Amino acid sequence: MKRRLQVMIIAAALRLVHAALVELQRLDPDVADELRCLPTGMSYAIHTGHNAPTLFVQWDGQRLRRIVHPETPAVCTLRLKALAISFRLFTGQMGLAHAYAQHAFTMSGEIANVMRLARLVNRAEAYLFPPFMSRRILPELPGLPVSPLRVYAAVLTGFLRFAY
Amino acid sequence: MKPSYFEFQNAVKLLCGKNALERIPDELRHLESTRPLLLTDAVLLRLGVTAVVRDAMESEGCAPAAVFTDIPVDSSLSVVNRIAAVYRECKCDGIVAVGGGSVIDSAKGARRALSQEANDILSLSGVENLHCGRHVPFIVIPTTAGTGSECTGVAVIRNEEQGVKMEFLSPFVEPDVAVLDARMTLRLPARATASTGIDALCHAIEAATCLQSNPLSSAYCCAAIRLISANIVRAVQHGADAEARLNMAMAATMAGIAFSNSMVGAVHAVGHALGGVCHVPHAEAMGILLPHVLRYNLPVAAEDYARLLPDMAGWERAAATPADQRGEAMVQTVADLLERLHQLVGIPLRLSEVGVTEQELPRVAKTAVNDGAIIVNPRAMSEQQVYELLRRVF
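Going down the list, the sequences are from chains A and B.
Here the working numbering is used: the first residue of the first sequence is 1, the next is one more, and so on.
Here the working numbering is used: the first residue of the second sequence is 1, the next is one more, and so on.
No wet-lab data here; the hints were simulated from the structure.
Keep in mind the model is a prediction, meaning the values are calculated, not measured.
We put the CB at the ideal spot given by N, CA and C, even for glycine.
It is possible that some hints are incorrect.
[To be verified] Here are some, though not all, of the chain B residues that point toward chain A, as calculated from beta-carbon distances under 10 Å: (1) SER4; (2) VAL369; (3) SER382.
[Said to hold, decoys possible] Simulated DEER-style distance windows between Cβ atoms: (4) GLN343(B) - GLN62(A): 55 to 61 Å; (5) SER382(B) - GLY61(A): 22 to 28 Å; (6) ARG161(A) - GLY163(B): 39 to 45 Å; (7) ILE67(A) - ASP324(B): 51 to 57 Å; (8) GLU303(B) - CYS37(A): 32 to 38 Å; (9) ALA153(A) - GLU7(B): 38 to 44 Å; (10) ARG4(A) - HIS131(B): 28 to 34 Å; (11) ILE67(A) - GLY163(B): 26 to 32 Å.
[Stated by the list, open to error] Simulated coverage check for chain A against chain B, where a stretch passes if three residues somewhere in it have a Cβ under 8 Å from a Cβ of chain B: (12) 98 to 105; (13) 114 to 123.
Let's have the full structure, built from the sequences with the hints guiding it.
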């Protein structure tokens, strides 16, 4: 039961992070700049554990698209070593830097690509989590050009429009 | 602070001290290697350092099946692939690497390609992503006391196409055996002794204070810092002092074991970028950047630095320094040591001294923030902050 609940929460969190990045591309110039630096076709897969959700996203030069049934392996694959670790990571109990420091995932592909993803996820988390949580998991709280509430509103509207 | 979780691995057998080289054939027999490929570089060959190893091996009836010497100062993916091809052509069954970081990391890359039966090392890039693969016996004999690469699970190899240094992290790149013999570093020039020694110091300080630091690696760091601070000037001034040389070699190995299990930090991230973009020798980049990055980190890492003061400056100095000033005192001790080595043998202290141009700094900053080492630096560092640091160091 506990595992099923964790799987559901992680699946929701992955969708939320992706949706937030899509909206932040429009709302936050730093995110837009970071995405623009990605080569077209760059793809990331995040596996969260055995029989657990996977997020596969691809940058098509315009937008970060979520792909449900990818036809080719991702350019960069992060494989978290256990669902319990993924749960901590996606519920604001552990940051990506600490996950890296604690050997929480394996990675195939170039490390530089993970660094780009880490910056994007950190930025999204700064909006999605309240400051007391962000402060604990992020190396430094960034200045945010728009209110987190605006990001949540955009994400909610996006979900209602089936935009992701 | 004790981390909530950490991992620690070191499976390298260390042969350290008198006649260590002569024991290599016996180790090869245990590893079931009869046709080792000897890897080294042209400079070591010319200086006769490689001959010392060959003589020691041949005196015990073990000759290499092939010798590969075409390894440049900054090794590259293509060199690694060439080594793997030679290994296959000559039907070798083990690798003996004699050299500094470039030779050892090239050997690690080639061994990884061979054990995974891959033709291109680039296809294997990643972090802890590969299984052990086929065992390729691997012995390493460092000829500098700095990189610690003889005991690490990381290989840093230059990607010529992208102008970046890539890190290949896996416990399966660790050698089977590392050989520390003072004969290997006795002829190391004073300036190289100084800069490679500072590289080892940098490993120890960053490994002890980065986000991935753990109690076991910290123990190695403290021991390494003590040995370096007590021996580096002696080894620089008296190159033939075998005891100082061996102490420096041990310190470098211990610092290597430490950072292999803790990672490093921004000094290395920016240093790799300087190497990749501007071809600054790694050890010199470390010396230039070290005190400046430590100062940048001071607001969040002062306590961790303070804990290193007794090892760096001695217990009496540490005890005489007020507790709240020990972090700053440690950083100043490092800066003073670098200044002394600068005066003694001219190690560079500014980027402008090693041919870096101002125009290259933005590209260095962009490359540095994509280096894996920056993620575990105790203080976050953005591209702009790296650029400002580079401007200060220029």
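These are the hints, each one checked on the structure:
1. Because the beta carbon of SER4(B) sits about 7 Å from the nearest beta carbon in chain A, less than 10 Å, this interface hint is met.
2. Interface hint at VAL369(B): satisfied, since its Cβ lies 7 Å from the closest Cβ of chain A, which is below the 10 Å cut-off.
3. Residue-level restraint check for SER382(B) holds (minimum Cβ-Cβ distance to chain A is 8 Å; threshold 10 Å).
4. For GLN343(B) and GLN62(A), the hinted distance range of 55 to 61 Å is satisfied, since their beta carbons lie about 57 Å from each other.
5. In this structure the supplied range 22 to 28 Å holds for SER382(B) paired with GLY61(A), their Cβ-Cβ distance being about 25 Å.
6. Our hint of 39 to 45 Å for ARG161(A) and GLY163(B) holds, since their Cβ atoms are close to 43 Å apart.
7. Range check, ILE67(A) to ASP324(B): about 54 Å between beta-carbon atoms, so the 51 to 57 Å window is met.
8. Between GLU303(B) and CYS37(A) the beta carbon distance is about 36 Å. The supplied range of 32 to 38 Å therefore holds.
9. Restraint check, ALA153(A) to GLU7(B): a C-beta distance of roughly 42 Å satisfies the suggested window 38 to 44 Å.
10. The beta-carbon spacing between ARG4(A) and HIS131(B), approximately 30 Å, falls within the hinted interval of 28 to 34 Å.
11. Checked against the hint of 26 to 32 Å, the pair ILE67(A) and GLY163(B) passes, with Cβ atoms roughly 31 Å apart.
12. Counting residues of the segment 98 to 105 of chain A whose CB falls under 8 Å from any CB of chain B gives 6; the rule of at least 3 is met.
13. A stretch counts as covered by a chain when three or more of its residues have a beta carbon under 8 Å from one of that chain; for the segment 114 to 123 of chain A and chain B the count is 5, and the coverage holds.
In summary, the structure agrees with every hint in the numbered list given earlier.
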